[in-house]
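Protein chains: 2
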Amino acid sequence: MLTTNAAADNGVNVGALLGAREALAAAPEAARFRWRTTCSWVNGVHSRSTVEGFFGLGEERSHRVRSVLDADHPEVFAAEDNGPTPVEYVLVGLGACLTAGIAAVAQHRNIQLRSVSATVEGGMDIQGILGMDSDVRNGFNGIKVTYRIDADATPEEIRALVAQSQKRSAVFDVVTNPTNVTVEVA
Amino acid sequence: MLTTNAAADNGVNVGALLGAREALAAAPEAARFRWRTTCSWVNGVHSRSTVEGFFGLGEERSHRVRSVLDADHPEVFAAEDNGPTPVEYVLVGLGACLTAGIAAVAQHRNIQLRSVSATVEGGMDIQGILGMDSDVRNGFNGIKVTYRIDADATPEEIRALVAQSQKRSAVFDVVTNPTNVTVEVA
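Chains as they are written, first to last, in the working numbering: chain A, 1 to 186; chain B, 1 to 186.
Hints listed in this document are in silico derivations from the structure and should not be mistaken for laboratory results. As the structure is a computational prediction, the values presented were derived from the model and not from experiment. Mixed in with the good hints, there may be bad ones.
Repeated chains share a single entry, so a pair holds when one copy, or any two copies, can fit it.
[Claimed, not checked] In silico lysine to any residue, SDA-like type, Cα no more than 25 Å apart, as pairs:
| id | residue 1 | residue 2 |
| --- | --- | --- |
| 1 | Lys167 | Val185 |
| 2 | Lys144 | Val14 |
| 3 | Lys144 | Glu22 |
| 4 | Lys167 | Arg48 |
Could you put together the complete structure from these sequences and hints?
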């Protein structure tokens, strides 16, 4: 007896991604990307970053539109609050990366998503960045991500989606593991 | 003989920050902040995050304006490129944090900044996120930040500013050291 399953459509082109995987297996040097931003100081702790160009698949490329992103500190830090704080940008990257992964994995597993939202919260003791206590780290003491997902799937299938997304997430890796950062003055 | 030095003004209220340090020394529980974003899936790998509320100095607070930040993948990943990629948001946070630190340290050292800009570039072999090679990490294989700084200071003083900024940067810590991330489904 044949069963028919409606094909899930989460807007992710899994076929293209599987094709890319095949193409890159034959030319692995094309898989080396370089992501980039330029950051300009405005005044105080207010900066403006632009995201536009990147390098990938062997050549310099450009986003469809240039993004301009202001960062600042809030008024309780005696600043002007012209945008999110730098650490909030990291939380945005983490939530966006895990959410994109959930959509891609759901598509691959033929699970129709209806809605996905997450709260991403990072705790920080600012005695670190204020230089008050060298035992307190500057960064987050931990991050908690809580998803609410409505999908044509069992609770176990949904938990498995979220787990697989973590396993393939670039930003989850960046936050949970160390990355070497070199800072130079030209 | 008296010498007079013009007071540098980089727009950072160092007095307020030093005052905050004193106040927090007396009430260290007020230093516990919680930064937050909510991320909603739009379609495909496109998500929209909002940054507005945070907890700090003992109570729930709000940014002066709510920020709405779209993230997506570029067209070479068969996506619609409705915004920066999640990993680019991390680079924005890193550049913004180091740049804010440079302004704050310069103010504290009475160094007048004229211009500060940085290129922040992260290399990534996408064989990791595509699941092609388990020896390739999902995140950046390294990040390079290059500053161009014009200031009333010697090259050594400028290099020292940049070094001190790294030492006190929240995002530099997040990227270079591991942070525990818990992901749950509500």
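inquiry  = As a check of your reading, is Lys144 near Val14 (CA-CA no more than 25 Å) within one copy, between copies, both or neither?
reply    = neither (29 Å within a copy, 32 Å between copies)
task = At 25 Å max between alpha carbons, let me know whether Lys144 reaches Glu22 within a copy, between copies, both or neither.
result = Intra 35 Å, inter 30 Å, cutoff 25 Å: neither.
ask   = 25 Å Cα cut-off: does Lys167 pair with Arg48 within a copy, between copies, both or neither?
value = between (32 Å within a copy, 22 Å between copies)
Same-copy or cross-copy closeness of Lys167 to Val185 [CA-CA at most 25 Å] = between (35 Å within a copy, 16 Å between copies)
Hint violations for this structure: numbers 2, 3, all remaining hints satisfied.
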